Amino acid sequence: MKKRIAALLLITFVIILAGGCWSRVELTELAIVLGAGVDLSEDGRILLTLQIARPGAYTAGGEAGGRGREPASWVVSAEGRTVPEAERFLAMKIPRQIYWGHCIILVLGEELARREGTGMVTNFFQREREPRENIYVLVARGRARDFLETYSSLEKTSAQAAGFLERMKTGYSVQLRELAEMLVSRGIQPAVTAVEVTEAGTMPGQVPGGTPPPQKEVGVAGTAVFKQDKLIGWLDPWETRGFLWLKGETMKGVIIVPGPEQPEKLVSIRIRRGKTKIVPEYNGEYPRFLVKIRVEGDMVEQQTRENLATPEKIKLLEEEMASEIKARAEAALEKVQGEYGVDIFGFGEAFHRKYKKEWRELKYRWDEEFSRAEVEIAVDARIREIGLLTRRAGIPEE
Amino acid sequence: MVKAMLEQGKIDSKQAILLLISLVLPTAILTAPAITVKQAAQDAWLSIIVATMIGLLIAGLVTGLSLFFPGKTLLEYAEEILGRLPGKMVGLLYIWWFLHGNALILDEYASFLCSALMPDTPVIVFFVFVTVVAALAVHSGLEVLSRFNQLFLPLVLGLLLVVFLLAAKDMEATRLLPVFDKDAAAILKGAVIPASWFGEIVIFALLIPFLDRAEEAPRVAVTAILICGLYLLICILVVIMIFGPHVSARWIFPTFNAIRVVSIANFLERLESIAIAVWMFGGFAKIGIFYYAAVLSSAQWLGLKDYRPLVAPVGVVLVALAALCRNIVELLNFLATAWPPYALGLFEAGIPLLLLVVARARGRGGRGA
Amino acid sequence: MVRFIKPRKPGMVSRSNQQISRPRENNFPDTSWKEQVLSPDLDTNLAQIKAILDRCSDVMYREFIFAQNEQIRLALIYTDGLTDKEQISEQITKALALEVAMAAPGQEISKSRALEFIKQRGLCVNEIKQTDKIREIIQAILSGDSVLLMDGYATAIINGTRGWASRAISEPEAEPTVRGARDSFVETLRTNTALLRRRISSPNLKIEVFKLGEVTNTEVAVAYIEGIVNEKLVAEVKSRLQRIKVDAILESGYIEELIEDHPWSPFPTVNHTEKPDRAAAMLLEGRVAILVDGTPFVLTVPNLFVEHLHAAEDYYERFIFTTAVRVIRFFSAFISLTLPALYIAAVSFHPELLPTTLLLSIAGQREAVPFPVFVEVLIMELTFETLREAGIRLPRPLGQAVSIVGALVIGEAAVRAGLVAAATVIVVAFTGIASFTFAYSASIAFRLLRFTLMFLSAAMGLFGLITGVALIGIHLCSLRSFGVPYLSPAVPMTGADLKDVVFRAPLWAMFTRPRLIARQNQKRQEQNLKPAPPETRPRW
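Here the protein sequences come in this chain order: A, B and C. Sequential numbering from 4 applies to the first sequence in this note's numbering. Sequential numbering from 4 applies to the second sequence in this note's numbering. Sequential numbering from 19 applies to the third sequence in this note's numbering.
This is chain A alone, in the form it adopts within the complex:
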């Protein structure tokens, strides 16, 4: 009896250890993907680009390796009919197992987004268990591949740089799960951050004794507007602000208003926080929306010479601020509603919340309904703080 137990245990032991430990992958055998980009190739297939981290460049406090910076990532591409097929072709070039668990961004090329739409791409990233739900989705102006092939001056890789940009919500940040929600819901159409490769700053000292070359960096460049899953247009950063305020997200930004007494000079107010409330109404024919935007900001700069630190002046500034915000929001609205004719703000969902019966039919043609909708914007702007100064301290005394 004892011998049998011992034999059984031995066999189990051997099976466990020698079975190959199916899921075990050493860290050094992983190709850690930091960013993925999907483009449309010339013959209509998918071009998958991966930015893979090179761990050798990441040893904290390791030995210094030469004067130059060791590249922290490696970018490689392959084609295929679908994303998994392209991944398999990539596996033929990458000596390690592709690991998606730390992928930060997913970049869609402009052409792919226009012609084929996101539907070709996103299902893989949602269904597979390795990519996470909070991958940031971006649309590149141009090719995703070019976007990934840049490197970053401040962060170690451009994927990380883009990820951090998204995390700080400088523009409109969309995670994969939010994109999925927008794609599924009939009350809202997707809008995704638009990014591009731009010139940004220089790194002095790189070229000894000469002018350092301008760096090509990744940057946020507005918003991409989608209808269903296809890209139909862009909003530039200016309009993106308005869009964000209408949506009620990321209430940040700088408002420039003309000074109350010196209209040719400007006063800058930075928005700190705010809230947007959308009140839908339906009269049976077309929907009406009342958008109430409330913002609070601080005055951060005045180019005028007057003393703005009085309640009356502040009130005037607040009114200017409100009208400026309203103007920008209306501009964004006009572009989206008028030119593109899609509801990327979520008015449909607000409508659904209030008028669930009507929604049941309207939802199938919501974009049409939305194009006909009347939107009234009411802005309530407040200025809270004015920094550290009252009057300007740089002008001679009276």
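Honestly, the hints are just simulated from the structure, not real lab data. As the structure is a prediction and not an experimental result, all values here were calculated from the model. Careful, some of the hints might be misleading.
Claimed, not checked - To spell it out: a stretch of chain B is covered by chain C in this simulated footprint if at least three of its residues, at any positions, have a beta carbon under 8 Å from a beta carbon of chain C; those stretches are:
#1 11-20
#2 118-132
#3 161-175
Virtual Cβ for every residue (Gly too), placed ideally from N, Cα, C.
Fit chains B and C to the supplied structure of chain A, relying on the hints for placement.
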């Protein structure tokens, strides 16, 4: 009484409550949200409330019935009520149900671990490991099983709460609106499957004889169902508030995805592996309890003096049954369509109701609580 | 296959308990003297004793004459080294050969009255006992008592003249303390019982003595406080002790292995301590202490798992500090068990567990390392354990050098050589440090189990790790120590006792004894003892 020789252990009320929570919660929290949201969209939380009430009814039915027959398990008083042969048939049916249910749970559990944690590992490895652990727990006796449960379940419950709290940042209450978007029929339909999970509390009928104080059985069952219902409710609310009704319905394991989303201060993130690790204990406990039910009832049915020799064969049967299911789609399909009438209608509510009616009609059984 | 489901028949004895092999019997010289008694003749007795104690050159024979009656010859037998020679010469030899004359000057004591006279007025020793059994006489001689034989009497007087060189009471080596008494038990039973008595000055402290060990005849004392302890527990302890039939008891560990409930478990179900205050506290909770002559380690039963994570001074400092320290200790216990396994699981199976920057940093370190993580961790762990063991064996001045610092230095060198990654060294070192925070007795179990968990986690990742922890949990839940569940008061949960598991409630709040140990007499103290300035002191 035969039972006195089969199991010497005694469990007190606190342990019983935890056992019952373990009986229902671990797998319910895993797949219930998706299935319920598919039917009821953002009103799924109302479905859960309805399901909890159904669960309370079943709990009341089962404990009331058992209290008419103090000291006897379900199989024993089934024979007493219906007569020897029909009683044995009922017993056999229940044994089959325990085995089948356990195999399904095992399948669900192992599939989840396989899909979510280690996809390259063949799922049968998970079957075997989990069954071995559960077998060891069952072999050591009811007391050990309930102590093990008492040790780890509070951890599971606590961690779930903490994770849900951490997810608050990504939750938006507006996703729950509008309420009553779907009609009442959809809400009720959505309540059926969670109710069939709550109904698994019928296994309590096997454990009541081992309670320290049997008269506390109704209170124990009700408390357990309420706590389970609360947790499921919070879980569904969290899931809907993070993903919205449409996306939630499309995940297979939305709770898992919800935990993946948690990210605080860019530091407290990637918690899903820890959450799974802790949740695994709950799974062990649930499978262990079902396993115990199958073994104990088989031993009673066969009239054995000790249930220990049955542990290994039942384990083998379990693994075999679980391995019969070809893929997760079959499993989900079965759970969504065939399971509710089969489990709820027949075993959890149907037969106990029948037993109760016949018992009162024939005047069998002593005074209940 | 049928064998697997054959149930156990009642009365079936487990195979390890059956007498399977028949070793050759001992070849002791003739032991028939154990049954015999003395004869009245002194020379016969002396001859017999000398024959039994043949070639025991440290046994001394002193013959002398009774002062009051020249006819009476006396012989004193004692073992040199075990007796207090001063006491013997002053109180026996001198008293009987010289000074007894002062007690009854001029009186002639007849042979028949001599024994009584000697016993009552002659011997000045503190303890005397009278016997005629040779077995007792031999035992007495070998224990350090001296035996007085009288010509004409078939009886001997055993004098308690024990005294030997023994270690002075010093600081406990295995349980250093910051606050609290620094004395520790020593190797002499009487001194140890005295240390206990000093702390528990109550007539209810009962100390019963047995002799165990066929050859060593070691004295073993069972101490308990009547009225607090569960009578059945005492009976069980005594019955288990009496079941022991070995030839030697050299250390309390021998007894521990022979009376424990679960010999195959890595967890100890019998606790031991070197400190009298800790032993006294155990007794006051309703436990039984077993003191063994020849070792300063005193056993206490029943033993709960949480005791291994407690320290005596937890009760001497204030409760807030103690609670914090205990939390650290519990956390360290968990770490010392699972950290290497977690590391292996995270790096080999679940890289998504780690934050991106940490992962990339570790990946960068691992680029240079030739081994898989599991092998690396195993090597470092084994190295560390070896160093630890070496540190204990080395003489004290050197022992400090070879320990954690040594391990870290070696680890650093290994990192530079590219054999291991720096993260692995940190993990292993921290695990080692964590395992030092609690008692040595439990840390052995944890060290063994750590390797098991490492294997499991290397095979199946987090799933294997949790399976391992679950198995350990099931095992712990099934252990009982003398009838008390090993994991109480956590499971089964006895609410009042949770005051002393991880948190330590203030002293004025702990007014009951552990429920499962002290079945009767659970009230420790009054309930309204919270201190406060006079105005706010509760009146009830």
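*Counting residues of the stretch 118-132 of chain B that have a beta-carbon nearer than 8 Å to any beta-carbon of chain C, does the count reach 3?*
As far as the stretch 118-132 of chain B goes, the hint holds, because 6 residues have Cβ atoms under 8 Å from chain C.
*Would you check chain C against the stretch 161-175 of chain B, counting CB to CB pairs closer than 8 Å, and say if three or more residues qualify?*
violated (count 0)
*Outcome, coverage hint (the stretch 11-20 of chain B, chain C; C-beta under 8 Å; three residues)*: Contact hint for the stretch 11-20 of chain B vs chain C: holds, 3 residues under 8 Å.
Going through the hint list in order, the structure does not satisfy hint 3, though it satisfies all others.
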